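**Q** What follows is each chain in one-letter form.
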Amino acid sequence: MSHVFLGIPTAPRGVGHLRGDRPFPEAAREALRDGQLRANLGHATSTIRAKRAAVVGELPDWEQLRAAGRAIKAATMARLDEHLLELEARVTERGGTVHWARDAAEANAIVTRLVRDTGADEVVKVKSMATQEIGLNEALEAAGIHAWETDLAELIVQLGEDRPSHILVPAIHKNRAEIREIFLRTMPDVDPHLTDEPRQLAMAARAHLRERFLRAKVAISGANFAVAETGTLAVVESEGNGRMCLTLPQTLITVMGIEKLVPTWRDLEVFLQLLPRSSTGERMNPYTSLWTGVTDGDGPSEFHLVLLDNGRTATLADEVGREVLHCIRCSACLNVCPVYERTGGHAYGSVYPGPIGAVLSPQLTGVEDNASLPYASSLCGACYDVCPVAIDIPSILVHLRAEHVEAQTRLTPEAVAFKALAKAMSNSRLWRTAQKATRLGRLLARGRPILPATLPPPASQWTFSRDLPTPPKETFSEAWAREHRR
Amino acid sequence: MRVALFATCLVDTLVPQVARATAVLLQRLGHEVVVPPGQTCCGQMHVNTGYRREAVPIVANHVRAFAGAEAVVAPSGSCVASIHHQQAMVARRAGETALAEEAEALAARTYELSQFLVDVLGVVDVGAYYPHRVTYHPTCHSLRLLRVGDRPQRLLRAVRGLELVELPGAESCCGFGGTFSVKNADTSTAMLTDKMANVLATHAEVCTAGDASCLMHIGGGLSRMRSGTRTVHLAEILASTEEAVAPDQATAPAVSR
Chain A
1 MSHVFLGIPT APRGVGHLRG DRPFPEAARE ALRDGQLRAN LGHATSTIRA KRAAVVGELP
61 DWEQLRAAGR AIKAATMARL DEHLLELEAR VTERGGTVHW ARDAAEANAI VTRLVRDTGA
121 DEVVKVKSMA TQEIGLNEAL EAAGIHAWET DLAELIVQLG EDRPSHILVP AIHKNRAEIR
181 EIFLRTMPDV DPHLTDEPRQ LAMAARAHLR ERFLRAKVAI SGANFAVAET GTLAVVESEG
241 NGRMCLTLPQ TLITVMGIEK LVPTWRDLEV FLQLLPRSST GERMNPYTSL WTGVTDGDGP
301 SEFHLVLLDN GRTATLADEV GREVLHCIRC SACLNVCPVY ERTGGHAYGS VYPGPIGAVL
361 SPQLTGVEDN ASLPYASSLC GACYDVCPVA IDIPSILVHL RAEHVEAQTR LTPEAVAFKA
421 LAKAMSNSRL WRTAQKATRL GRLLARGRPI LPATLPPPAS QWTFSRDLPT PPKETFSEAW
481 AREHRR
Chain B
1 MRVALFATCL VDTLVPQVAR ATAVLLQRLG HEVVVPPGQT CCGQMHVNTG YRREAVPIVA
61 NHVRAFAGAE AVVAPSGSCV ASIHHQQAMV ARRAGETALA EEAEALAART YELSQFLVDV
121 LGVVDVGAYY PHRVTYHPTC HSLRLLRVGD RPQRLLRAVR GLELVELPGA ESCCGFGGTF
181 SVKNADTSTA MLTDKMANVL ATHAEVCTAG DASCLMHIGG GLSRMRSGTR TVHLAEILAS
241 TEEAVAPDQA TAPAVSR
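As they're listed, the protein sequences go chains A and B. Numbering-wise (full-length UniProt numbering), the first sequence opens with residue 1 and increments by one. Numbering-wise (full-length UniProt numbering), the second sequence opens with residue 1 and increments by one.
The hints are simulated quantities; they were obtained by calculation from the structure and are not laboratory data. Bear in mind that the values here come from a model prediction, so they are computed numbers and not experimental data. A hint or two may mislead.
Claimed, not checked - List time: in silico SDA-like cross-link candidates among lysine to any residue, alpha-carbon distance up to 25 Å:
no. : chain 1 : residue 1 : chain 2 : residue 2
1   : A       : K423      : B       : A170
2   : A       : K419      : A       : G447
3   : A       : K217      : A       : R329
4   : A       : K423      : B       : R224
5   : A       : K423      : B       : P37
6   : A       : K51       : B       : R92
7   : A       : K419      : B       : R224
8   : A       : K473      : B       : R224
9   : A       : K419      : B       : A170
10  : A       : K423      : B       : E96
Stated by the list, open to error - Restraint-style ranges between C-beta atoms, simulated for each label pair:
no. : chain 1 : residue 1 : chain 2 : residue 2 : range
11  : A       : T454      : B       : G122      : 30 to 40 Å
12  : B       : G30       : A       : K436      : 31 to 41 Å
13  : B       : G161      : A       : D385      : 54 to 64 Å
14  : A       : Y287      : B       : G161      : 29 to 39 Å
15  : B       : V120      : A       : K436      : 44 to 54 Å
16  : A       : L85       : B       : G38       : 32 to 42 Å
17  : B       : D119      : A       : E478      : 25 to 35 Å
18  : A       : T412      : B       : G161      : 50 to 60 Å
19  : A       : E478      : B       : G169      : 31 to 41 Å
20  : B       : G68       : A       : R22       : 49 to 59 Å
21  : B       : E166      : A       : E138      : 18 to 28 Å
22  : B       : H31       : A       : T454      : 26 to 36 Å
No residue lacks a Cβ here, since even glycine has one placed at the ideal position from N, Cα and C.
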């Protein structure tokens, strides 16, 4: 007997925010009834969609840029282990410390210990998906350390004791009036005459945050990119809050998914063109902060880089699914998705919503822990068209559906039906018989052109909102055969 | 040309008039139409629902049924897209290399109706007459997988008597998505509602498209709302002439009680 392979570990249960507490259709049903949410999302996504389309349309070489982005990512993933070691060596040379975290629990423990070692009981945070993924704020809170979110939208979510619903715009589900209400309720020194004018809201947040920036000893960030050959980290943001966090405190801790690195400095050229146009619809990103280790008298004197796996190596092992690791978190796919536009991000359960979330979350957790997500798409393909690194999301959705079906150890009623149907469709004689059986529907119709709206499940799932035509007396192939009989 | 017609499982079983219209149209254009009797389904529904292993014998049947065909035409963007993008893939994954190669070769000779008319036959004016106000919904797989572009609109603009009105938000999915329409029935319906609102805003009598499945979805919704706007497949419009408004076509509103 040889050794037993237990598989590459996925993101563990009980920590972080990659799993919802109910299946997508159920959560979506509730979200769809929220008229305010629908209005807010419809307005926001259509605005960003139009902005993106305009700035992408300006670039004659957009398709070549996409191809370059895709090629760089594919080549990087093929030698990820080597690039990671190179990154570790360069960061260490420049005075930083690299920590390897196999999952959310390990990453949270590392960061908590690092903050404790500084003696600080609060940290300022740059908006980061990786730290949302692992539930870092909750872990710090449990250790008596308060984390202040400094990105405007993330701050709105934190103050409102809400959850982020979008990768780029975590408070996309809230409108100005709702944000004003949250600020008035939760900011201690806010002007009681605060209006819902965007500038006033931004200034209130600015005043609220300024004091925290100035007194913070520790900052925590994510990373958009890490350059392996130089050991440089990059954070891309548009409010300047990131720049404050990355430069003012004495200690900087960066939590980064292992897939975020690029091999060379030159590779940034491609991604710094693709990312802003795809995400915020801007030609150039407003605040791009780059740092390499520590520099005497300039910025933090202590730098820690936590490299997070949390299911990424397991994802890399899947030939079809690994493409999701190319994602640069621009969220263009969310903004064009007809499902996301209507249900919003919370219905997906994970911090990664929308089309990319539907293919990323189930792979990080193992598909059975997010089994409803690969089905949360009509496979319309709009996400693939806008993806700046050309991730074929619809094909991965279809692949994960099959992974889910093939993981079942017991035969489901659906599987029985599909197997029987496959048998019939593999043999035209059986198929003709099966087609005849649909004519039983004519009995239910009693001469009307449509079937009754109250059919048993699963047909009821169609007929509750849509009529179903009464099956015809004769199929086309029967009629044709009759007419062309020799 | 001798054209093999792939009716598709859905059209053959539920909306046979669409396959009939395709055949009538191609014959009128001077081509011989054959309907290979062994045909059933392309396997798309199985693949897209996660039953890719079960889809392999369906693909094998399809390849067998159309073996030797010079050109295969189907009145469905979605089924043709599956033939182009999925059949060989599922066969290869199952280790059926020879089947995958045959499927690829057959896919290269398989066309969606508007592509076949414009690209292969080189016709835009098919001699049709259809005196109605019509709006066109570009189905997702025609638009984004097959890239049929404006071929359907060019064909429609050449139809005598037809007034083509632009559909707002045309490129948004109607919410059908195969089994998505039942597995996520609420979200599917929310998408359909917005599509119907746009269709109705055009005040068109007819909403057309190149996929009978999406039309069954949109039409099912319009019918439920007792809307007077009906759905008619592109093939039915192109098959219509002054002599025959449309073969086997219901010109009355979708619901007549």
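**Q** Determine for every hint whether it applies to the structure shown.
**A** Verification of the hints:
The hinted pair formed by A/K423 and B/A170 fails the criterion: a straight-line CA distance of about 37 Å is larger than 25 Å. Between A/K419 and A/G447 the CA atoms are separated by roughly 32 Å; this puts the pair beyond 25 Å, and the hint is violated. For the hint linking A/K217 to A/R329, the alpha-carbon distance of about 28 Å lies beyond 25 Å, and the restraint is violated. At most 25 Å may separate the alpha-carbon atoms for a hinted pair to count; A/K423 and B/R224 exceed this at roughly 34 Å.
Between A/K423 and B/P37 the alpha-carbon distance is near 17 Å, which keeps this suggested pair within the 25 Å criterion. For a cut-off of 25 Å, the pair hint linking A/K51 to B/R92 is broken: about 41 Å separates their Cα positions. Between A/K419 and B/R224, the direct Cα distance comes to roughly 32 Å. Violation of the 25 Å bound is thereby established for this hinted pair. For a cut-off of 25 Å, the pair hint linking A/K473 to B/R224 stands: about 23 Å separates their Cα positions.
With a C-alpha separation of about 36 Å, the suggested pairing of A/K419 with B/A170 is violated against the 25 Å cut-off. Among the hinted pairs, A/K423 with B/E96 is consistent with the structure: their alpha-carbon atoms are about 18 Å apart, no more than 25 Å. Between A/T454 and B/G122, the C-beta spacing of about 50 Å breaks the proposed range 30 to 40 Å. Roughly 34 Å separates the CB atoms of B/G30 and A/K436, a value that falls within the hinted 31 to 41 Å.
The given range of 54 to 64 Å is broken by B/G161 and A/D385, whose C-beta atoms sit roughly 35 Å from each other. In this structure the hint that A/Y287 and B/G161 lie 29 to 39 Å apart at CB is violated, the actual value being about 59 Å. In this structure, B/V120 and A/K436 break the distance hint of 44 to 54 Å, their C-beta atoms being roughly 35 Å apart. Under the hint 32 to 42 Å, the C-beta atoms of A/L85 and B/G38, about 57 Å apart, miss the expected range.
The given range of 25 to 35 Å is respected by B/D119 and A/E478, whose C-beta atoms sit roughly 31 Å from each other. The given range of 50 to 60 Å is respected by A/T412 and B/G161, whose C-beta atoms sit roughly 51 Å from each other. Taking the beta carbon of each, A/E478 and B/G169 are about 39 Å apart, inside 31 to 41 Å as hinted. A hinted range of 49 to 59 Å holds for the C-beta pair B/G68 and A/R22, which are about 52 Å apart.
A C-beta distance of roughly 50 Å is found between B/E166 and A/E138, which places it outside the suggested range of 18 to 28 Å. The hinted window of 26 to 36 Å between B/H31 and A/T454 is violated, with their beta carbons roughly 45 Å apart.
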